[in-house]
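Visitor: Listed below are the residues making up each chain.
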Amino acid sequence: MKKKTKLSLILAIVAGLMISGCQYNKRQEATDLLYDTKKEGELFLHMDMVKEMISSVPNPVEISSLLQKAGVVYSQDLLNPAGNIDNYNTNFQRALNLGVYGTNLVYMNIYDRTLSTLRYLSNVRDLASDLRIEQFFDYKTLNRLSESSRNIDSVLFITNTGFDNMTRYLIEQDRSNIAILISAGTWIESLYIATHVETIPGNKDYINMRIGEQKKVLDNLLLLLHAYREEPNFNWLYDALMDLKMIYEDVKISYVYAEPTMQELNGVLIVIDNSQSEVIISDNTIEKIANKIAEIRTRIIG
Amino acid sequence: MKKHYIFLSLFFLFAFSGMSFSQCGEPLLNVCHEKIENARFLRSWPIQLPKQARGETLPQVSFKMPLTSGNTYKIFACNDADLPGKVIISIRNQNDDLVVTSFVIEQARHIPVIMFPVAMSGIYTFSFYFENGEEGCAVGVVAIAE
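Chains D and H are the protein sequences, given in the same order.
At the far end of the first sequence sits residue 302, using the numbering used here, and the numbering has no gaps.
At the far end of the second sequence sits residue 448, using the numbering used here, and the numbering has no gaps.
Wrong hints could be hidden among the right ones.
[Claimed, not checked] Some but not every residue of chain D turned toward chain H, in silico, with C-beta under 10 Å:
(1) 66
(2) 164
(3) 172
(4) 210
(5) 213
(6) 218
(7) 220
(8) 222
(9) 223
(10) 249
(11) 271
(12) 276
(13) 280
(14) 284
[As the list claims (entries may be wrong)] Taking lysine to aspartate or glutamate and the DMTMM-like style, the derived pairs with C-alpha atoms no more than 25 Å apart in a straight line are:
(15) D:292 to D:250
(16) H:366 to D:164
(17) H:366 to D:130
(18) D:51 to H:408
(19) D:216 to D:239
(20) D:216 to D:147
(21) H:366 to D:153
(22) D:204 to D:249
(23) H:366 to H:398
(24) H:337 to D:249
(25) H:337 to D:138
In case anyone wonders, no lab produced these hints; they're calculated from the structure.
Glycine included, every Cβ here is placed at the ideal spot set by N, Cα and C.
Build out the structure end to end from the sequences listed, making use of the hints.
Guide: The following block contains the structure:
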């Protein structure tokens, strides 16, 4: 009798675990149904190539950190208004604006505007949910952490790992189109912020050089979008970024490599980078880039 | 009854094999997160490589990411203590010049943290492999030093 009870208990636990496993699979299956543009066979970009090129798009933490370090003042007016989310009814808009709101979230966190992030956090959750990729963000924890500016590093850690895992998942699920759009939205918003912040003589050249360096990133983004350029929604984005590329043709970048030197201090190896890059970009080109990216961004955020 | 035990054994075999695999990814990253300290997390890569087979090339994985001039990057990795491999990081610039490696060959010593103040913006390649081609699992992390 005792043996029978034990066995029943074990079987009940096993059954419970299997049922929970089935539920998990069911949720995963639902995400697989979302193919809103090209199908697997039509893709000619290899999965690893997509991963590599998406990785070459700078994380929004980079640009926001640079702006903050350069002494640029925070501006809430630069962000996509949180209420715009109601305008996004297609997966194309949702994916692009997931990148936009994600970038806004990072920008606010870097500048310690943690309390204002709650609405944007909720937008990221809602758009991710619409795209069936909400499983990559622990919103309860993020919400709790966002209550204090002391937790910014943890918030950035969870947000960044969430976006990274989401991108990997989308590519592996043959939903590279969505991953590419999220990445494009992120980059466009970062460039929009960088070109529209108020600079001062002390940081203007430094920020302009960083804007010029985006030339290479734009080339990679265009390569990714090229695969989808015949799609109804992708074609205008591709064409608009091609126009931007034409403006970037005026930017000249040169590199001078010099062997780095090393210094070890308390177990930390410090690399002294003796190489240099030179970016030649005129004020006129900066203005053209700023206007073009604002035009593209206006169409994205609606 | 025998069938039940076979079924249960198979179930637990699968369950536990899954658990040991998962410890290599997210849980290791969560432990590694603490080492970020006063830096801002940017990106992480899970690294899991088999033992180098005799006569075969050293297993390694590479990832690319842009590094921006003016930022100082904190680069490090965490090893899964259950496996023998100790990860080595090497970084190359976009011209494929070696910038730095986390292993001092002459002293057979690992450098736990690399600080890299970048002077030349570009797309850098981060390669990971395990010392002596051992089997290993690790997480590589890049953060921006504040």
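Visitor: Run every hint past the structure and note whether it holds.
Guide: Hints, one by one, checked against the model:
| no. | hint | result |
| --- | --- | --- |
| 1 | 66 | 6 Å, holds |
| 2 | 164 | 6 Å, holds |
| 3 | 172 | 13 Å, violated |
| 4 | 210 | 6 Å, holds |
| 5 | 213 | 5 Å, holds |
| 6 | 218 | 12 Å, violated |
| 7 | 220 | 8 Å, holds |
| 8 | 222 | 15 Å, violated |
| 9 | 223 | 13 Å, violated |
| 10 | 249 | 19 Å, violated |
| 11 | 271 | 5 Å, holds |
| 12 | 276 | 6 Å, holds |
| 13 | 280 | 14 Å, violated |
| 14 | 284 | 22 Å, violated |
| 15 | D:292 to D:250 | 14 Å, holds |
| 16 | H:366 to D:164 | 13 Å, holds |
| 17 | H:366 to D:130 | 30 Å, violated |
| 18 | D:51 to H:408 | 36 Å, violated |
| 19 | D:216 to D:239 | 17 Å, holds |
| 20 | D:216 to D:147 | 38 Å, violated |
| 21 | H:366 to D:153 | 23 Å, holds |
| 22 | D:204 to D:249 | 21 Å, holds |
| 23 | H:366 to H:398 | 12 Å, holds |
| 24 | H:337 to D:249 | 42 Å, violated |
| 25 | H:337 to D:138 | 21 Å, holds |
When the structure is compared with the earlier hints, violations turn up for hints 3, 6, 8, 9, 10, 13, 14, 17, 18, 20, 24 and for no others.
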